[in-house]
Amino acid sequence: MTSPRIVPKALAVAALMACTAPAALFAETPANTLVVADAIDDIVSIDPAEAFEFSGTDLTNNLYDTLIELDPARSGELVPGLAESWSVADDGVTYTFKIKEGVTFSSGNPVTAQVAADSLKRVVKLNKTPAFILTQFGLSVENMDQTIRAEGDSVIITTDKPYAPSFVYNCLTAGVAEIVDMETVMAHDVDGDMGNAWLQSNSAGTGAYVLRSFKPNEGYMLEAREGHWRGDAPMKYVMMRHIPEGATERLLLEKGDIDVGRKLSPTDIAGVEGNPEITVQNDVGGQIYYLALNQKVEALTNPKVREAMRWAVDYQGMTDTILKGQWVVHQAFLPQGFLGAVNETPYHLDLDKAKELLAESGVELPLTFAINVRNVQERMDIAQSVQNTFGQIGIEVTLDAADGKQVLGKYRARQHDITLQSWGPDYPDPHTNASTFAENPDNSDEAKATGYLAWRTAWDPGELGAMAEAAVTERDTAKRAAIYEEMQRIHRDSSAFVLMFQQARQSAMRANVSGFYTGGATDSATYWLVTK
Numbered sequence: 015m016t017s018p019r020i021v022p023k024a025l026a027v028a029a030l031m032a033c034t035a036p037a038a039l040f041a042e043t044p045a046n047t048l049v050v051a052d053a054i055d056d057i058v059s060i061d062p063a064e065a066f067e068f069s070g071t072d073l074t075n076n077l078y079d080t081l082i083e084l085d086p087a088r089s090g091e092l093v094p095g096l097a098e099s100w101s102v103a104d105d106g107v108t109y110t111f112k113i114k115e116g117v118t119f120s121s122g123n124p125v126t127a128q129v130a131a132d133s134l135k136r137v138v139k140l141n142k143t144p145a146f147i148l149t150q151f152g153l154s155v156e157n158m159d160q161t162i163r164a165e166g167d168s169v170i171i172t173t174d175k176p177y178a179p180s181f182v183y184n185c186l187t188a189g190v191a192e193i194v195d196m197e198t199v200m201a202h203d204v205d206g207d208m209g210n211a212w213l214q215s216n217s218a219g220t221g222a223y224v225l226r227s228f229k230p231n232e233g234y235m236l237e238a239r240e241g242h243w244r245g246d247a248p249m250k251y252v253m254m255r256h257i258p259e260g261a262t263e264r265l266l267l268e269k270g271d272i273d274v275g276r277k278l279s280p281t282d283i284a285g286v287e288g289n290p291e292i293t294v295q296n297d298v299g300g301q302i303y304y305l306a307l308n309q310k311v312e313a314l315t316n317p318k319v320r321e322a323m324r325w326a327v328d329y330q331g332m333t334d335t336i337l338k339g340q341w342v343v344h345q346a347f348l349p350q351g352f353l354g355a356v357n358e359t360p361y362h363l364d365l366d367k368a369k370e371l372l373a374e375s376g377v378e379l380p381l382t383f384a385i386n387v388r389n390v391q392e393r394m395d396i397a398q399s400v401q402n403t404f405g406q407i408g409i410e411v412t413l414d415a416a417d418g419k420q421v422l423g424k425y426r427a428r429q430h431d432i433t434l435q436s437w438g439p440d441y442p443d444p445h446t447n448a449s450t451f452a453e454n455p456d457n458s459d460e461a462k463a464t465g466y467l468a469w470r471t472a473w474d475p476g477e478l479g480a481m482a483e484a485a486v487t488e489r490d491t492a493k494r495a496a497i498y499e500e501m502q503r504i505h506r507d508s509s510a511f512v513l514m515f516q517q518a519r520q521s522a523m524r525a526n527v528s529g530f531y532t533g534g535a536t537d538s539a540t541y542w543l544v545t546k
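Numbering-wise (this note's numbering), the sequence shown opens with residue 15 and increments by one.
Note that these hints are calculated values from the structure, not bench results.
There's no promise every hint is true.
[Unchecked claim] Listed below are the simulated DSBU-like cross-link pairs for lysine-lysine, each with C-alpha atoms no more than 30 Å apart in a straight line: (1) Lys139 to Lys462; (2) Lys419 to Lys310; (3) Lys142 to Lys114.
[Claimed, not checked] Pair by pair, the computed Cβ-Cβ distance ranges are: (4) Gly241 to Phe146: 33 to 39 Å; (5) Lys462 to Asp56: 25 to 31 Å; (6) Val58 to Ala103: 34 to 40 Å; (7) Asn457 to Asp56: 29 to 35 Å.
Just so you know, these numbers come straight off a predicted model, no measurement behind them.
For every residue, glycine included, the Cβ atom is placed at its ideal position computed from N, Cα and C.
Build the full structure now, drawing on both the sequences and the hints.
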């Protein structure tokens, strides 16, 4: 029997291509192949018009390109994608994107302005979950022939009113705006689905890679395109293996059977630190952890009570222990990496100050509340820490633990006292969080505006709503950022939310791997820059 350590490289790649390689097949991965382990069972679709989960957009980011893109190495910086230049007219509503010459899809079909316009129209027609990222600009099935059109070598997009140009551009970097080969997908149209079913196991893009195989909850295999417009990707193949267990990823990483592990626990990370063959890369993600304080509960409407709570959270203690490596202290509604993000963290555990504020509040102690929390270990650990420190200042908390659906249902019905929640941005622009944390156009129960977190917790943001609307139409990017900065400071100190943590990401990888970007808070994973 041939030893696993001397499997011929061609055979190893063939096994990778099938996505069926057993865990013990490789002593080290092939030199031309990047092998990544992650939990990818969140993938619902890999059609760019429908993909809206982290793992799905990680995949499509490497198969497709957008008109303009975010530089993987410089978070938040716009760079040319399929458009070599872009501009907005003086009317504030007409955007022009000039298409690069000579770019082709993996089929060999050329990228033209007409194809790009039709690809964006496809998103509007299909109207899948992420379509709102484009349709929020007034684009609809009824008007799309006028609002999305090709003129010569340019795509013209006309919005319903003037917005901040950075808002429009940032949204066009989202996965839903990735350009597909319309001739190829329409050749696979079934009952008017515009190739949607076919794109669940195939690709039709301009990206650095082509999809060779995909098996849900198992993995996928990508092959680099030769002569790609960015230059050939150093890694000929990328294999993703669905391995959700951090301990298993650690074992495979230490053996050399995978190059990158993305789901190692803090314990696993601690275990590989000091191993000269493994490096740990730190990054941030877009998720935010917060407490929402229901303003239908009288005691929680008292500003001094809310301020006391901000001083009664052991932020650093939690990130140093139960959340180590997974979350960092963050006390604003915009994640680090977004335009206008504020990274100040003025609040820390100060029980004496919290007690003084409660004394000033005039409320009768003890106060009693329930915290609704999803019954998973990390959230329970956070809730128990809050329960402990709140208890020390005279706020008695019981934990109402339930599954995620039940906890969200109570939150969306405004039936909680306090709820522990996380929130992730829908698209890489600050309006995605500013609108939900700081806008609430109708605070009545009848509004049922569950898309607004401020509504869910029955809080009227007052002036912040007008500031959010001003920011999304401010054409000067620096002025726009300044509005968000001011908003976050007001929100941090006076809102019905206690902002606590931002997601941290730790990827462990073999020491010979470089150029792997996870996307930070605003983008998706990039494989085409990786070298070994």
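Hints, one by one, checked against the model:
no.	hint	in the structure
1	Lys139 to Lys462	27 Å, holds
2	Lys419 to Lys310	22 Å, holds
3	Lys142 to Lys114	28 Å, holds
4	Gly241 to Phe146: 33 to 39 Å	36 Å, holds
5	Lys462 to Asp56: 25 to 31 Å	27 Å, holds
6	Val58 to Ala103: 34 to 40 Å	37 Å, holds
7	Asn457 to Asp56: 29 to 35 Å	33 Å, holds
Every hint, counting from the list given before, is met by this structure.
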